[in-house]
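Engineer: Read off the chains here:
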Amino acid sequence: MAKTLFLGDEAVAQAALDAGLSGVYAYPGTPSTEITEFIQNSKQGKAGQVHSIWAGNEKTAMESAIGMSYAGKRAMVCMKHVGLNVAADPFMNSAITGANGGLVVVVADDPSMHSSQDEQDSRYYAKFALIPSFEPSNQQEAYDITYAAFDYSEKYNTPVLIRLTTRLSHSRSGVERKAERPQNELHLLENKKQFILLPAIARVNYRNLLGKQDAFENESLNSPYNKYIDGADKKMGVIASGIAYNYLMENFDGKCPYPVLKISQYPLPKKLIEKMIDECETVLVAEEGYPFIEEQVRGLLNRTGKIIGRLSGELPRDGELNPNLVAKALGMPDTYGAPIPELVVPRPPALCVGCPHIDSYNAINAAMEKYGAGKVFADIGCYTLGALPPYNAIYTTVDMGASITMAKGAADAGMRPVLAVIGDSTFTHSGMTSLLDCIYENTPVTVMILDNSTTGMTGGQDSHALGVLGEICKGLGVKEEHIHRITPLKQHHEENVALIQKELEYEGVSVIIPTRECIQTLSRRMKKQQAAKKN
Amino acid sequence: MKIDIILAGVGGQGILSIATIVGYAAVKRGMYMKQAEVHGMSQRGGDVQSHFRLSDEEIASDLIPMGKADMIISVEPMESLRYLPWLNNETGWLITNDQPFVNIPNYPDFDKLSAELGKLKNKVVINADQIAKDLGSARSANMVILGAASPYLGIPFEEIEDAVRENFARKGEDIVNTNIACLRAGREFAEKR
Chain A
2 MAKTLFLGDE AVAQAALDAG LSGVYAYPGT PSTEITEFIQ NSKQGKAGQV HSIWAGNEKT
62 AMESAIGMSY AGKRAMVCMK HVGLNVAADP FMNSAITGAN GGLVVVVADD PSMHSSQDEQ
122 DSRYYAKFAL IPSFEPSNQQ EAYDITYAAF DYSEKYNTPV LIRLTTRLSH SRSGVERKAE
182 RPQNELHLLE NKKQFILLPA IARVNYRNLL GKQDAFENES LNSPYNKYID GADKKMGVIA
242 SGIAYNYLME NFDGKCPYPV LKISQYPLPK KLIEKMIDEC ETVLVAEEGY PFIEEQVRGL
302 LNRTGKIIGR LSGELPRDGE LNPNLVAKAL GMPDTYGAPI PELVVPRPPA LCVGCPHIDS
362 YNAINAAMEK YGAGKVFADI GCYTLGALPP YNAIYTTVDM GASITMAKGA ADAGMRPVLA
422 VIGDSTFTHS GMTSLLDCIY ENTPVTVMIL DNSTTGMTGG QDSHALGVLG EICKGLGVKE
482 EHIHRITPLK QHHEENVALI QKELEYEGVS VIIPTRECIQ TLSRRMKKQQ AAKKN
Chain C
50 MKIDIILAGV GGQGILSIAT IVGYAAVKRG MYMKQAEVHG MSQRGGDVQS HFRLSDEEIA
110 SDLIPMGKAD MIISVEPMES LRYLPWLNNE TGWLITNDQP FVNIPNYPDF DKLSAELGKL
170 KNKVVINADQ IAKDLGSARS ANMVILGAAS PYLGIPFEEI EDAVRENFAR KGEDIVNTNI
230 ACLRAGREFA EKR
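Each protein sequence line maps, in turn, to chains A and C.
Sequential numbering from 2 applies to the first sequence in my numbering.
Sequential numbering from 50 applies to the second sequence in my numbering.
Worth flagging that the hints you see were computed from the coordinates, not collected in a lab.
The structure displayed is predicted, hence computed values, not measured ones.
Some hints could be false.
[Claimed, not checked] Simulated crosslink set (BS3-like; lysine-lysine; CA at most 27 Å straight-line):
#1 A/Lys-44 - C/Lys-77
#2 A/Lys-128 - A/Lys-194
#3 A/Lys-529 - C/Lys-182
#4 A/Lys-271 - A/Lys-156
#5 A/Lys-236 - A/Lys-329
#6 C/Lys-161 - A/Lys-329
#7 C/Lys-182 - A/Lys-528
#8 A/Lys-528 - C/Lys-220
#9 C/Lys-220 - A/Lys-534
#10 A/Lys-179 - C/Lys-77
#11 A/Lys-44 - C/Lys-170
#12 C/Lys-220 - C/Lys-168
#13 A/Lys-529 - A/Lys-44
#14 A/Lys-535 - C/Lys-220
#15 C/Lys-241 - A/Lys-4
#16 C/Lys-172 - C/Lys-182
#17 C/Lys-117 - C/Lys-182
#18 A/Lys-179 - A/Lys-194
#19 A/Lys-4 - C/Lys-182
#20 A/Lys-529 - C/Lys-241
#21 A/Lys-256 - C/Lys-51
#22 C/Lys-117 - A/Lys-256
#23 C/Lys-170 - C/Lys-241
#24 C/Lys-172 - C/Lys-161
#25 C/Lys-182 - A/Lys-535
#26 A/Lys-4 - C/Lys-51
#27 A/Lys-528 - A/Lys-491
#28 A/Lys-329 - C/Lys-51
#29 C/Lys-220 - A/Lys-47
[Stated by the list, open to error] Label pairs and their in silico Cβ distance ranges:
#30 A/Glu-481 - C/Ile-224: 36 to 42 Å
#31 A/Val-399 - C/Glu-207: 52 to 58 Å
#32 C/Asp-105 - A/Leu-302: 57 to 63 Å
[Unchecked claim] Now the stretches of chain C that chain A is said to cover, found in silico as 3 or more residues with beta-carbon under 8 Å:
#33 104 to 112
#34 129 to 142
#35 145 to 158
#36 223 to 232
Even for Gly, the Cβ is constructed at its ideal location relative to N, Cα and C.
Extracted from the complex, chain A is given alone in its bound form:
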């Protein structure tokens, strides 16, 4: 079969469709977004009526996927690494319920934090939940592993996790597809109580899960994705997982003189690791992310003293790997072109020309000037760029929804006034319960929900908040006279500043919703309209 060019993300999506997927559930997040977008745009997905509408957040996505699996169909849930924190509750407990229809959790980690607030490693979550996980090293493996992951999940009635990293998610290469399979029919498990996690049932389920661990390890031992490749020179051995394997092989034109253990499936196959420790003098562990394998192999006491990697300093403790870093760890000569000329300066990302957030921040800065620094709490999205010059407008960004509840905490501590800045999509993701906390106590906070009518930073996905923000706030209990929609435009600057200041003085909850469409989605919509007119 001819190869098709796919991003790593797209390879996962295509494999899931080919494996008989009935639904994907996700909230957009770099670098995972393209998985769901691919399915949304796929003819095959539409023909099969595969569910692919965005979820409100990762937790609701995970729960819907568990529900689809419960009903006997194959479900996939996709998110970025920090999204798994949001989904952690249903994720952990899905290991206890087990799966009926194949249940595959795809998590894209972002080492080096290209577009994230931390570089946590999702392999720990899989281990924590005691479920199998996979770490493809290239686009073809991303396809093959995803396809097979549904079978694995159904064979052992367990959810499985696939861990991607940025450089695989967003790198394109040729992929050969497998045969399309039909979707599952609706069917329930014979044991109708398996998904009721009452303590008495959960204890039984948990013991079942523990009982599967040896089988999981055996699968890893015999996995086509874990390979022991012998090498003549036993001075060194290399354990390389995921895309770190590619960086290793790049340095040897495909033939490494040392024994290599390539890992793409967990739990770790102990026998293969033992073989390497026994026959090699030193063992380098090269892995993208945290020293997950290295920590386990070396153990707390590091008795063998022969394991090197991120913990021993041969590789950096943080950040992405690359071929040069792996070469250095192998003691090979480093390569380098010419240094960057001094006149080259950083070019940080910035709000687009014409972005509504610019006007919102200009108004916020003018309104806050007399109150001094440190009183604006922000959130995750394009508007986080308000932290950078020329705005320097915000002081916190922690996690989705934290702006409102952090402002609450500061207000509880006695800070006056406090202002929370959150986007429309982030608000429906995780801000509504935060607002409810404020309403319950009538906390003096002013919340600005910047409504650009889209999920901007990830490329303009539909927002659950579209057109309903005022109603939501009213329904949660914000007093109507303290809910305002304003238009973030230069011509309204003075009145907007005055309104913000007025609400900042109010000893209770107010919500101001600056409303103007994202300039990117607007221009895309205009282009589409023009094209439609021409035809």
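Please build the complex by placing chain C on the supplied structure of chain A, with the hints as guidance.
Structural biologist: Just chain C, lined up with the frame of chain A:
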């Protein structure tokens, strides 16, 4: 044959369409390809780069090792210099637009920037914006750049032309022709140097 290219520019300048076109031509020839892109935050007007690798044999890494790139293709002059650590000092070529994209307050002095580009051994520095504008499509500067890089790609020019046609086909005959004209103008400029 093996060729490693760093594509550079500013988010929104369309460096990825260069990769799409060359990738199409290369895959049609049966070559292997890997192309690592940047999505997400830096697409908002920040510096963006793509590691683009083509080979007759299977490619291991998605990232090009430092000092080993055969070419930097850039749609912005300062951005072209940011990736010099990746370029092969001896044999590498730098092909760049000479028209700055200024969206930061401390953008370097244009003359100093030109002088820095002038120091390089193998380079094509071209006013792609002007050429594209003269040919009636300011937005096709990236095709001028691709044309200027084409003599060094090791892929027959007709095949790159075909790929451009394929890429713009659904936008109509006029757009295909302007883009081909831009591609050819870039090629001519590089050959005349």
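Engineer: Decide, hint by hint, whether the structure agrees.
Structural biologist: Going through the hints against the structure:
1. A/Lys-44 - C/Lys-77: Holds, at about 24 Å.
2. A/Lys-128 - A/Lys-194: This hinted pair holds, its Cα atoms lying about 25 Å apart.
3. A/Lys-529 - C/Lys-182: Holds. A/Lys-529 to C/Lys-182 sits at ~24 Å (cutoff 27 Å).
4. A/Lys-271 - A/Lys-156: Given pair A/Lys-271, A/Lys-156 holds - Cα atoms ~22 Å apart, limit 27 Å.
5. A/Lys-236 - A/Lys-329: holds, 16 Å
6. C/Lys-161 - A/Lys-329: violated, 35 Å
7. C/Lys-182 - A/Lys-528: holds, 21 Å
8. A/Lys-528 - C/Lys-220: At roughly 13 Å apart (the allowed maximum being 27 Å), C/Lys-220 and A/Lys-528 satisfy the hint.
9. C/Lys-220 - A/Lys-534: holds, 15 Å
10. A/Lys-179 - C/Lys-77: Since the Cα atoms of A/Lys-179 and C/Lys-77 sit roughly 21 Å apart, the hinted pair holds (cutoff 27 Å).
11. A/Lys-44 - C/Lys-170: Violated. A/Lys-44 to C/Lys-170 sits at ~49 Å, over the 27 Å cutoff.
12. C/Lys-220 - C/Lys-168: Since the Cα atoms of C/Lys-220 and C/Lys-168 sit roughly 40 Å apart, the hinted pair is violated (cutoff 27 Å).
13. A/Lys-529 - A/Lys-44: holds, 20 Å
14. A/Lys-535 - C/Lys-220: Cα-Cα ~12 Å, so holds.
15. C/Lys-241 - A/Lys-4: Measuring from Cα to Cα gives roughly 38 Å; hence the hint is violated.
16. C/Lys-172 - C/Lys-182: OK: C/Lys-172 and C/Lys-182 at ~23 Å, within 27 Å.
17. C/Lys-117 - C/Lys-182: The given pair, whose Cα atoms are some 34 Å apart, is violated under the 27 Å limit.
18. A/Lys-179 - A/Lys-194: Since the Cα atoms of A/Lys-179 and A/Lys-194 sit roughly 36 Å apart, the hinted pair is violated (cutoff 27 Å).
19. A/Lys-4 - C/Lys-182: Between A/Lys-4 and C/Lys-182 the Cα gap is close to 37 Å, so the pair fails against 27 Å, i.e. violated.
20. A/Lys-529 - C/Lys-241: violated, 41 Å
21. A/Lys-256 - C/Lys-51: holds, 18 Å
22. C/Lys-117 - A/Lys-256: holds, 19 Å
23. C/Lys-170 - C/Lys-241: The hint holds at about 17 Å.
24. C/Lys-172 - C/Lys-161: holds, 17 Å
25. C/Lys-182 - A/Lys-535: Within the cut-off at roughly 24 Å; holds.
26. A/Lys-4 - C/Lys-51: holds, 19 Å
27. A/Lys-528 - A/Lys-491: holds, 25 Å
28. A/Lys-329 - C/Lys-51: Distance ~24 Å between A/Lys-329 and C/Lys-51 Cα, so the pair holds.
29. C/Lys-220 - A/Lys-47: holds, 25 Å
30. A/Glu-481 - C/Ile-224: 36 to 42 Å: About 52 Å separates the Cβ atoms of A/Glu-481 and C/Ile-224, which means 36 to 42 Å is violated.
31. A/Val-399 - C/Glu-207: 52 to 58 Å: holds, 55 Å
32. C/Asp-105 - A/Leu-302: 57 to 63 Å: This hint is violated: roughly 49 Å between Cβ atoms.
33. 104 to 112: holds (count 7)
34. 129 to 142: Check passed, 9 qualifying residues.
35. 145 to 158: Satisfied; 6 residues make the cut.
36. 223 to 232: violated (count 0)
In the structure shown, a violation is registered for the earlier hints numbered 6, 11, 12, 15, 17, 18, 19, 20, 30, 32 and 36, in ascending order.
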